[in-house]
Amino acid sequence: MQPFFMMTWVPMRFFSLSVLMLLVTLSGSAQAMLSIEISKALAQLKPLAVLPFADEDGGENIASIVRNDLTRGGQLKIVAENDLPMGLTLAGTIHPDSWQALPGDLLLRGSQRREADGKLSFNYELLRRDSAAPLLAERFTVSSSRWRDAGHYISDRVFETLTGEKGIFSTRIAYINVYERDGKRRYRLELSDIDGARRTRLLDSNEPIMSATWSPEGRSMAYVSFETGQSQIYIQNLQTRERKRLTNFEGVNGSPSWSPDGKSLLMSLSRDGNAEIYVMDIATQALTRLTNNPAIDTEPRWLQDGQQIIFTSDRGGRPQLYRLDIASGESKRLTFEGRFNAKAAPSPDGRFVAMVHDSGDGRYRLAVRDLNTGTTDILSESSLDDSPSFAPDSRLLVYGSRQGGGRGLRVQSIDGKTQWRIPTQQGEIKGPVWSPFLR
Amino acid sequence: MVTFFALNRIFKRMEHMKNVVALAVLSTALISLSGCSTLDRLLKGNSTAISEPETTGPLAPSVVNNTVEINRPADRGCAPAALTALAARLPEAPQQTAVTQSLFTFATDKHDLNSEISGVLAAHALLLQQNQRVQMKITGHTDERGTADYNLALGERRANAVATFLAAAGVTPTQLQVVSYGEEKPVALGSDEAAWSQNRRVELAYSGCE
Numbered sequence: 080m081q082p083f084f085m086m087t088w089v090p091m092r093f094f095s096l097s098v099l100m101l102l103v104t105l106s107g108s109a110q111a112m113l114s115i116e117i118s119k120a121l122a123q124l125k126p127l128a129v130l131p132f133a134d135e136d137g138g139e140n141i142a143s144i145v146r147n148d149l150t151r152g153g154q155l156k157i158v159a160e161n162d163l164p165m166g167l168t169l170a171g172t173i174h175p176d177s178w179q180a181l182p183g184d185l186l187l188r189g190s191q192r193r194e195a196d197g198k199l200s201f202n203y204e205l206l207r208r209d210s211a212a213p214l215l216a217e218r219f220t221v222s223s224s225r226w227r228d229a230g231h232y233i234s235d236r237v238f239e240t241l242t243g244e245k246g247i248f249s250t251r252i253a254y255i256n257v258y259e260r261d262g263k264r265r266y267r268l269e270l271s272d273i274d275g276a277r278r279t280r281l282l283d284s285n286e287p288i289m290s291a292t293w294s295p296e297g298r299s300m301a302y303v304s305f306e307t308g309q310s311q312i313y314i315q316n317l318q319t320r321e322r323k324r325l326t327n328f329e330g331v332n333g334s335p336s337w338s339p340d341g342k343s344l345l346m347s348l349s350r351d352g353n354a355e356i357y358v359m360d361i362a363t364q365a366l367t368r369l370t371n372n373p374a375i376d377t378e379p380r381w382l383q384d385g386q387q388i389i390f391t392s393d394r395g396g397r398p399q400l401y402r403l404d405i406a407s408g409e410s411k412r413l414t415f416e417g418r419f420n421a422k423a424a425p426s427p428d429g430r431f432v433a434m435v436h437d438s439g440d441g442r443y444r445l446a447v448r449d450l451n452t453g454t455t456d457i458l459s460e461s462s463l464d465d466s467p468s469f470a471p472d473s474r475l476l477v478y479g480s481r482q483g484g485g486r487g488l489r490v491q492s493i494d495g496k497t498q499w500r501i502p503t504q505q506g507e508i509k510g511p512v513w514s515p516f517l518r
Numbered sequence: 542m543v544t545f546f547a548l549n550r551i552f553k554r555m556e557h558m559k560n561v562v563a564l565a566v567l568s569t570a571l572i573s574l575s576g577c578s579t580l581d582r583l584l585k586g587n588s589t590a591i592s593e594p595e596t597t598g599p600l601a602p603s604v605v606n607n608t609v610e611i612n613r614p615a616d617r618g619c620a621p622a623a624l625t626a627l628a629a630r631l632p633e634a635p636q637q638t639a640v641t642q643s644l645f646t647f648a649t650d651k652h653d654l655n656s657e658i659s660g661v662l663a664a665h666a667l668l669l670q671q672n673q674r675v676q677m678k679i680t681g682h683t684d685e686r687g688t689a690d691y692n693l694a695l696g697e698r699r700a701n702a703v704a705t706f707l708a709a710a711g712v713t714p715t716q717l718q719v720v721s722y723g724e725e726k727p728v729a730l731g732s733d734e735a736a737w738s739q740n741r742r743v744e745l746a747y748s749g750c751e
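If you read the sequences in order, they're chains A and B. Heads up: the first sequence at position 42 corresponds to 121 in the working numbering, and the numbers run straight through without jumps. Heads up: the second sequence at position 188 corresponds to 729 in the working numbering, and the numbers run straight through without jumps.
Worth flagging that the hints you see were computed from the coordinates, not collected in a lab. Incorrect hints may appear among the rest.
Listed next, the in silico DSS-like pairs over lysine-lysine satisfying Cα-Cα at most 25 Å (straight line) [what the hints assert, rightly or not]:
{"#": "1", "chain 1": "B", "residue 1": "651", "chain 2": "A", "residue 2": "263"}
{"#": "2", "chain 1": "A", "residue 1": "245", "chain 2": "A", "residue 2": "496"}
{"#": "3", "chain 1": "B", "residue 1": "678", "chain 2": "B", "residue 2": "726"}
{"#": "4", "chain 1": "A", "residue 1": "263", "chain 2": "B", "residue 2": "726"}
Predicted model only: the values in this text are computed from it and were never measured.
Full structure from sequences and hints, please.
This is how it looks when you write it as structure tokens:
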């Protein structure tokens, strides 16, 4: 970074010359660093205005999907729809006066057209003030049923261009919906887009469903179902909807959690008398026991290296998080603050673990621990949070929260700057889990 | 020379912007000369031919949308008359009354049995011993606080405490089934102690009385 700061002290006249000389001598890796710096700098420019796409069909405009996505994703400043100048149709080269009217240095514009065969074709470009060349320009065609996918795809591409990071806008969230039918309580495992649209039902049961979890490549889910009259663990293929029951044991069969290589499942089983952590090879269903003590050991989660597990145990008297090293079999306590720490959710990048935390005031709130520094921040101000789950960007968290008289899903960034609710529907919504990247 | 003057003009305009951004503008001109492909991608744009976004895999709306529906029949419990008939054969009247109580509540985080519960359970133990073909399902429950998975194990602690007592009192273990529902089957909705105290419970259900 040294060369960049040297620039500030050099008189303007010599600025360009020295930079010219500097850039000529840059190595390849420095150029990569340059592009990341530029990406971040682009993101820090004045806000991005997402204009309504030209669209003869009328109806909902795809730009609203993109605008909502990028607003919720954090890290970018997006011009609010109300602040967009009226009647701005910017086809062709943009006149400087039109740029004047725009409260931003970045502009996304595009068009949507229905083809003769019914497909939708999209054409969009991301422009920067004072630059003729677009930052990003693309055209593509999709079947009309994938209109929302197209919007989220554009959001991902714009986000990646401006931040250098992969967008999460095409990911999904799975959750449990507890609702009433004919006066009786029922339980439903559902998926939706991150904006709550396109709810898909996987399983609808008159017995509880809980503890859903995604496989690493996003093709299957594991969960606990009480359909036999007690808790058992199932896996289900999302495409074929085929289900397989993995456990057949007495006692509690709970907390399934996939290994990074997708071949085994951690689980908490009380078949031997009290809840202990096991790992099951999915293909052979062979079981290996990992903990051995009279306390409750549950909620196991693999760390990305596949060598360590974080789990909840009350072996110290109250539920706390522990870290177990697979090779040595040794467990060490991880959390010492507060009287309750449970439901560890490690971030995909291995830097953080989110959890449900009671500092002693009887409120159960979302907290995040930095695994490098050990500092823990409480992220929510509610009182009955559960089931934190990281987005694959390791930045956003979804969790279940009491809302009004019911339960719903909230999303929060770990830096606290971005938060929003996933639009509600009928029923109590809980146990959310964020999918991996699906594209 | 032309380049130099152009750059100078750019810098006069950019004077107040961050240096990194100024560097970005400058490098547009310079790097495009040297043909750096990383920046080309960012700055020159990418007007590719018609292409379709990669599939979102198994979750595209066009995929099979069949919900698997589960309807487990309710447990076939003992008819009240059948249970009364069995209870009538207990030696003492207080025992006959005691076996009509099938729900016990607990304090927060507790699974111990007080003397009142123990007294009631002793009567249940006797009924089970007198009727070896009768089964009992013991279900453990918690309130909604904490986490759902931990509560599944906590509910089992409560149910196990009851099962252990009954077995110690002489009940054949194969007559007993222990199931925890954690926080998943509350009897009282609401997020206050009034609801929570009702949900922290163990329930007993007889079957096979006929």
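Hint by hint, here is what the structure shows:
This hinted pair does not check out: residue 651 (chain B) and residue 263 (chain A) have alpha carbons roughly 30 Å apart, beyond 25 Å. For the suggested pair residue 245 (chain A) and residue 496 (chain A), the alpha carbons sit about 19 Å apart, so the restraint of at most 25 Å is met. Between the alpha carbons of residue 678 (chain B) and residue 726 (chain B) the distance comes to roughly 15 Å, so the proposed pair stays at or under 25 Å and holds. Between residue 263 (chain A) and residue 726 (chain B) the CA atoms are separated by roughly 12 Å; this keeps the pair inside 25 Å, and the hint holds.
Violation of the numbered hints given earlier is confined to hint 1; every other hint is satisfied by the structure.
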